[in-house]
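Novice: Start from chain A and add chains B and C according to the hints.
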Amino acid sequence: MIFSAKQVAEILNGTVDGSEEVSVETLAKIEEGTEGAITFFANPKYAPFVYTTQASVIIVSKEFKLEKPIKATLIRVDDPYSAFASLLNFYYSQKTARIGISEKASIHQGAKIGKDVYIGDFVVVEKGAVIGDRAKIYPQCYIGSDCKVGEDSTLFANVKVYEDCKIGSSCTIHSGVVIGCDGFGFAPQQDHQFKKIAQIGNVVIEDCVEIGANTTIDRATMGSTLIKRGVKLDNLIQVAHNVMIDENTAIAAQTGIAGSTKIGKNCLIGGQVGFVGHLKIGDSVQVAAQSGIMKDTESYETLFGSPAMQAREYKKSLVYQRNLDKYIKRIDELEKQLKALQK
Amino acid sequence: MIFSAKQVAEILNGTVDGSEEVSVETLAKIEEGTEGAITFFANPKYAPFVYTTQASVIIVSKEFKLEKPIKATLIRVDDPYSAFASLLNFYYSQKTARIGISEKASIHQGAKIGKDVYIGDFVVVEKGAVIGDRAKIYPQCYIGSDCKVGEDSTLFANVKVYEDCKIGSSCTIHSGVVIGCDGFGFAPQQDHQFKKIAQIGNVVIEDCVEIGANTTIDRATMGSTLIKRGVKLDNLIQVAHNVMIDENTAIAAQTGIAGSTKIGKNCLIGGQVGFVGHLKIGDSVQVAAQSGIMKDTESYETLFGSPAMQAREYKKSLVYQRNLDKYIKRIDELEKQLKALQK
Amino acid sequence: MIFSAKQVAEILNGTVDGSEEVSVETLAKIEEGTEGAITFFANPKYAPFVYTTQASVIIVSKEFKLEKPIKATLIRVDDPYSAFASLLNFYYSQKTARIGISEKASIHQGAKIGKDVYIGDFVVVEKGAVIGDRAKIYPQCYIGSDCKVGEDSTLFANVKVYEDCKIGSSCTIHSGVVIGCDGFGFAPQQDHQFKKIAQIGNVVIEDCVEIGANTTIDRATMGSTLIKRGVKLDNLIQVAHNVMIDENTAIAAQTGIAGSTKIGKNCLIGGQVGFVGHLKIGDSVQVAAQSGIMKDTESYETLFGSPAMQAREYKKSLVYQRNLDKYIKRIDELEKQLKALQK
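Chains as they are written, first to last, in our numbering: chain A, -12 to 330; chain B, -12 to 330; chain C, -12 to 330.
Bound conformation, chain A alone (with noise of 0.2 Å):
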């Protein structure tokens, strides 16, 4: 895509301080600029950039002052990292525009599918599945039998959902996440051999959600493995069965979330965290990567550590360890003087 930058003033309501005709076709932060490319300055600290950076137009604010001349147009807006932010988005809906079902697709003929969707090349839509209106479904996707796939939701490539799953409206979901793989569940018998116990349920994704690649989601022993509203997922973790994740809970890559556990809203959860099955986090609770949760947590707690501590708690404590070596030489001392005194 590539726009003039009379085209792009036009866009964002700006006017042009500079050559009109100079033609953009990507975007750049103001230090890593080059020609071709469109920036912006908001923060003051990055002026001297205005002046040295290479790309070919910079959006700033209506009341900015050049101190000198430069050769990049300008494109003067009301708030320039909100313009630039439209931009972004709009740049990144052309990249990911798509319609049309292919014919390399193999779709059974008791799945519903919607208006204006895109199906790739390979995916596989199972009986009974339904696929709302806009979805976009990547190449080698797998849907499985009485799966739904909800409107302006997108699914990238390599994308398995196992049957019975159902994903809401405006989700994206990355490549190679599983949705609906069996739960970890077996019984132990006398003769130490697993019996597998049946996972029936399904798993449950609202409205707004992302997951990031290569994320598994296993579907509920009965019952559903919940994801709610614009939960965000990264890459690579594990939400185990009769999991909920409560809306607007945001996890970072390679957390891990054993059977049962429900965690509230508003949540921040670092990378590489643990936790146990059966637990109950409150809402607004953060908790740093690593950490490790053994126990049910309020409300707006912050967590560090593996067992996890409160955040003062924790911070006490590392301090305590990280001088260890002083209170051992006061003992060594306090025995030296008392040995004194004993003479």
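Be aware that one or more of the hints could be misleading.
Note that the list lumps identical chains together, so a pair holds whenever it fits in one copy or between two copies.
Unchecked claim - Restricting the straight-line Cα-Cα distance to at most 25 Å, the calculated cross-link-like pairs of lysine to any residue (SDA-like) are:
(1) Lys282 / Leu305
(2) Lys282 / Phe173
(3) Lys153 / Gln81
(4) Lys182 / Ser69
(5) Lys252 / Phe181
(6) Lys183 / Asp194
(7) Lys282 / Tyr307
(8) Lys114 / Glu193
(9) Lys99 / Ile86
(10) Lys(-7) / Ser6
(11) Lys182 / Ser80
(12) Lys303 / Ile315
(13) Lys326 / Tyr314
(14) Lys282 / Tyr301
(15) Lys215 / Gly172
What the hints contain is simulated information worked out from the structure, not anything from laboratory work.
Specialist: Below, chains B and C alone, put in the same frame as chain A:
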């Protein structure tokens, strides 16, 4: 699948108490029962739910006495829990019953395909591969040349098996699992570059093994990476080259096992555990989640922490660390009193 | 592939001692040798195996003297280990030799395909993608629009590359790897909802990089996530947006690197390590498994623990912690003696 209470009672060899015609189509826990669901009551602490559940049918023991009238139909059996478990297994086996070979699969004419198999769309089976009777290969799986998949094994959508790997009978392999990728073997050179060490071994998976979604199992450098009979691996586990996991060991999600480590029988390993390479772990060892195992371990030990300690040691150490502030106060006090004494 | 001892000796420029006609079809360690296998003897501590191995052929040094007669044929060369390593590489290259474009692949007519490539069944190559000469794209891979795969690179089954990403020459990418998925970037709103920040950068992978199964590499928000020449990544690693990993750094399985962190050259990073975002890690840094790196790190440091400490500090701290009971006993004793003195 819709059944009447009467039909279910016949399957379970039970008697009906209430409407024989009421129909059920799913299974649920008693506290989550909905219309059309069948549930069970065994644990006395759930007794109140018998009177409040929305489930249409409840499996109860022959001796069970109602304290007040209820809407649900009862089916009376000898052992309600095991009757319900049989229903779960029946339901699950119906859900996953599949047979037939898709015309959209790509099967090399030099592959050997057993009887009554299911091979889904866009599966690739390479030359010399052997697929056992009644095996189910879901869509988009890749079975490399000279691989073997045993009788009655199921590979869900998108399992990838590199050449020469062997999978036993009655195994269940979930979506996104990779079997037989190269071990991480590189010889460092003088100039800091790494030279790849060719990985020419394979992976051997014995019978009755279950492997969770997106788990990876590296092929041996030479010889075999070996997963023995009855082992259960959860999702997102890493098994490195030349590892051996002995019979009926169960490992929770996101654990990693470095090269050449041998793990004994009947072990229970928590999630996010790490094993360094070349260890020998005994039988019936238990390891807590997030532990780091850096030493050989005798049979029957229980390990916690990173680096891991035996259970008793670990708990003592945890108490000491949580009480550090008290010890420091005692040192403060000793110094004060000693100073007073010295005056 | 079956070779006679004579043929192998010719390839290795060695001499045969024993039957020239004995045939070999695989390679093995000396202690695991079976009939039909060729092995080698270099390390004197393995000498007893020369007389007990079941291997058909043993590569030995020219100087090696037998102490008693053996069944196996010997091939005498200057350097047995390096001769065996060449055989390993030869065997591996034969195993993975492939050429030709499957009619079942879906290749956009606007893609550019090099000479002597292999493109397997159900591969998708989108518009504008460029596949270099002799590249091997195994079945079910997805190559997004405008991607590049360099000469002599191999993508095993089911690698997914989002649009615009660049992979260099002589790279090896294992099954289930996802390259170019969106970075985890969301702007929190007043009402606790997250607004997606469009991720419009890409991933650039230079030459001679190897990436293990199911590893995920996020595209940059803007600019590039950069994996430089000779980097080796193991399985199930997470590389976040705008990370840079410099030349010849090797990282073990399940490690995660948060956004914008830069890792230097020639580093050795253990498994299950976590790096927080926006760090700068020097060259030749070594990090122990399960460490948590939270601070910038100078070149040549060795780090342990979470939060990580320098090696010396960490070991000292571990000793202190393991001896806490002794320090506490000393405090007990001091209190007792002081009390005695005060009387």
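Novice: Hint by hint, say whether it matches the structure.
Specialist: Cross-check of the supplied hints:
{"no.": "1", "hint": "Lys282 / Leu305", "result": "both (20 Å within a copy, 15 Å between copies)"}
{"no.": "2", "hint": "Lys282 / Phe173", "result": "within (24 Å within a copy, 29 Å between copies)"}
{"no.": "3", "hint": "Lys153 / Gln81", "result": "between (27 Å within a copy, 20 Å between copies)"}
{"no.": "4", "hint": "Lys182 / Ser69", "result": "between (56 Å within a copy, 12 Å between copies)"}
{"no.": "5", "hint": "Lys252 / Phe181", "result": "between (36 Å within a copy, 12 Å between copies)"}
{"no.": "6", "hint": "Lys183 / Asp194", "result": "between (32 Å within a copy, 14 Å between copies)"}
{"no.": "7", "hint": "Lys282 / Tyr307", "result": "both (23 Å within a copy, 20 Å between copies)"}
{"no.": "8", "hint": "Lys114 / Glu193", "result": "within (22 Å within a copy, 33 Å between copies)"}
{"no.": "9", "hint": "Lys99 / Ile86", "result": "both (16 Å within a copy, 23 Å between copies)"}
{"no.": "10", "hint": "Lys(-7) / Ser6", "result": "within (8 Å within a copy, 76 Å between copies)"}
{"no.": "11", "hint": "Lys182 / Ser80", "result": "between (48 Å within a copy, 14 Å between copies)"}
{"no.": "12", "hint": "Lys303 / Ile315", "result": "both (18 Å within a copy, 12 Å between copies)"}
{"no.": "13", "hint": "Lys326 / Tyr314", "result": "both (18 Å within a copy, 17 Å between copies)"}
{"no.": "14", "hint": "Lys282 / Tyr301", "result": "both (15 Å within a copy, 18 Å between copies)"}
{"no.": "15", "hint": "Lys215 / Gly172", "result": "both (24 Å within a copy, 19 Å between copies)"}
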